[in-house]
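Student: Take the sequence shown: its letter number 378 is residue 378 in my numbering, and every next letter is one higher.
Don't read these hints as lab results, they were simulated from the structure. Glycine included, every Cβ here is placed at the ideal spot set by N, Cα and C. A portion of the hints provided could be inaccurate.
As the list claims (entries may be wrong) - Now the in silico label distances, taken between C-beta atoms and shown as ranges:
hint, residue 1, residue 2, range
1, G315, L106, 34 to 40 Å
2, S584, G695, 25 to 31 Å
3, L25, A556, 51 to 57 Å
4, R478, H707, 58 to 64 Å
5, A394, G315, 41 to 47 Å
6, L242, L209, 45 to 51 Å
7, E147, A394, 54 to 60 Å
8, R410, D673, 50 to 56 Å
9, G89, G189, 44 to 50 Å
10, E533, A363, 28 to 34 Å
11, A179, D690, 37 to 43 Å
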Amino acid sequence: MPDTTSSPPRRLDPRHLRADLGASLVVFLVAVPLSLGIALASNAPIMAGLIAAVVGGVVAGVLGGSPLQVSGPAAGLTVIVAGLVDQFGWQVTCLITVGAGLLQVLFGLTRLSRFTQAIPPAITHGMLAGIGITIALAQMHIVLGGESQTAALDNILQFPQQVANLHGHAFVVGLVAIAIMLAWPRIPGPQKAVPGALVAVGAATALALLWPDVTRVDLPGNLIESIALPVLPESGLWVGVLGGMLTVALVASVESLLSAVATDRMAQERDGDGLRTDADRELMGQGAGNAVSGLLGGLPITGVIVRSSANVRAGAKTRLSTILHGCWIALFGIVLISAIEMIPLAGLSGLLVVVGLALVKPADIRTARSHGELALYVVTTLGVVFLNLLEGVALGLVLAAVLMIWRAARARVRVEEPDRTTPRRVVVEGTLSFLSVPALSRVLQAVPEGEPVRVDLVVDYLDHTAFDHIQGWSRRHRATGGFVEVVEPEQAKARQDAPHGRFATWSQWRAENLAGGARMRAGLLAYQQNTAERVRPTMEGLAAGQNPSGLLLTCADSRVLPSMITQSGPGDLFTVQNVGNFVSGTSTLAAVQYAEEVLRVPLIAVCGHSGCGAMNAVLGGDRPRGALDDWLRNGEPVAQAWVEGHPAGRAAQRDGFGQADSLAMVNVALQLDRLRDMGVRAELMGLFYDIKSAGVLVYDARSQVFHSHERAFAQLPAALR
1 MPDTTSSPPR RLDPRHLRAD LGASLVVFLV AVPLSLGIAL ASNAPIMAGL IAAVVGGVVA
61 GVLGGSPLQV SGPAAGLTVI VAGLVDQFGW QVTCLITVGA GLLQVLFGLT RLSRFTQAIP
121 PAITHGMLAG IGITIALAQM HIVLGGESQT AALDNILQFP QQVANLHGHA FVVGLVAIAI
181 MLAWPRIPGP QKAVPGALVA VGAATALALL WPDVTRVDLP GNLIESIALP VLPESGLWVG
241 VLGGMLTVAL VASVESLLSA VATDRMAQER DGDGLRTDAD RELMGQGAGN AVSGLLGGLP
301 ITGVIVRSSA NVRAGAKTRL STILHGCWIA LFGIVLISAI EMIPLAGLSG LLVVVGLALV
361 KPADIRTARS HGELALYVVT TLGVVFLNLL EGVALGLVLA AVLMIWRAAR ARVRVEEPDR
421 TTPRRVVVEG TLSFLSVPAL SRVLQAVPEG EPVRVDLVVD YLDHTAFDHI QGWSRRHRAT
481 GGFVEVVEPE QAKARQDAPH GRFATWSQWR AENLAGGARM RAGLLAYQQN TAERVRPTME
541 GLAAGQNPSG LLLTCADSRV LPSMITQSGP GDLFTVQNVG NFVSGTSTLA AVQYAEEVLR
601 VPLIAVCGHS GCGAMNAVLG GDRPRGALDD WLRNGEPVAQ AWVEGHPAGR AAQRDGFGQA
661 DSLAMVNVAL QLDRLRDMGV RAELMGLFYD IKSAGVLVYD ARSQVFHSHE RAFAQLPAAL
721 R
């Protein structure tokens, strides 16, 4: 979700007029067919889609907090709106849209956007997938020349009958629209600049000219003549109306903020300027847009990623692009009404089938599976399809709560039988709380009396109840003549007088009392006993090959741990370490080539550090003769650049860094230059690890200075920070 403490939205700038004008026309061409199709799928008047698109562009564009996001009617609300229209009628649904907008304004004023982050992504993605499947099921009936049913199950059950009675001409028109929507993004060439939705609807309209019997869009008048004021419901319907307002407000808010995150990320990748959404202002802008849209007889609006991505890709620089696209739609809806009435319904439905299925994203399924939340995704999706949106999301939330409790209660207990050299071993892994005591008790009670036993607590939390139970069992087992050794990692110890787990610092759980090779041997033993089994599933998945997210070249210094400073795990980083982190030597250059040409990593980072012995030696310190002296000659060009006043070195010394540390920063800058000269295609990043503060500085190639991680990473979307 967007950061609620984000930078101010980008203001209008006359210098960007040409870029914004061109982008607005592209978004206009994308928005018109989508708006018409979504109105059709929502069982709303066709012109309600264009009214919402105009309001989304102008009102939300002016007032919203996401400058490049484009708002309008969205596929994510079609199922909800169709149900509301069926239950209350169109004009009461307009009143619900007004109320939902006012609630969104309230959400923004009370800064409630942060609470939307509490919804598990698997539930949000499952909700959208369920909506997409429901849309596709309903619209396939229209593609076949029939009428859709209200319930998804009815659409499934009646599908065979609809196929048997299909309208051949309508089916061909819809099939052409589907084929173009699927094929257009895959066709190479400059024609991809034309939106596929526009091509699909245009081709379907042209084809329908051959067959007058194909049902077309029927309009009562132009955009202005279609304005319809909302009406109050009957007195007994207010509870349902208020529930509809809350539902529309919540779903529209979540969808808008999700779209804003994606839009910010695309803009940052394009410009690198750190553009971020003001989430609370965005909610207020969306709310104002919904209130106005409902008052004018339009559909509810949200931020729409299809339109927003087209806006960013077309080169939009300010919110003027969004506003202008709304103006073009208004002009189209007033002047070109006859063109809209030529569009076949089957063509719009074919467009919506593809749009709906696009909401079921394989990447979302893979992500949910990798995080152990596939059940949330599936249950939410099926609930939305076969029940309704609210009940489907509620099922997902209930399941999330159950899984959370189950995981909190779950401690895996296994027993390793004794042999001639080791005693019986009881291993407890996970979260050991009072909820796990019954399962633990069964295992401990099964240990034969008088037998030696070792209890390994490989847990991330140990509460007082579990601690007391183990202590009590240990006393009783010792009383039978048995020997008990309880081994517990320092980071999960619980004291007898405190009910909470105590987490130790790194130095406390390191084997500092061991010297020389004994420390490494102890670490290997601890890995085999405490870690190997826990990481085995991950390593089994990586056994077939690696797909790292980047190459990190850093110093061989023992204090620089790549996995720690990047918070990476197995398979995440391809790592090269040498003395001084130089891009030189056959081994290092081979690693860079392998990362580029075989692994195809998208990012290569070079990381220097404070207190670097190589940099001290380059400055004139002790340089043992032999291979090390030859290797350190790689630092002579770095020292020359430092002496000549490289900006990275000057800035570092102004910030209080010593000579060796400022030289280390210049070294990072020059190694990045070396990679560029080699023709490296991956994105390059420079880092400096300050050991004393445990902080990371990031190199800005444009200014040639290092910045604090807070400043450098402020450009990242909130979801990545």
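Student: List, from low to high, the hint numbers that the structure doesn't satisfy.
Tutor: Per hint list: 7 and 11 violated.
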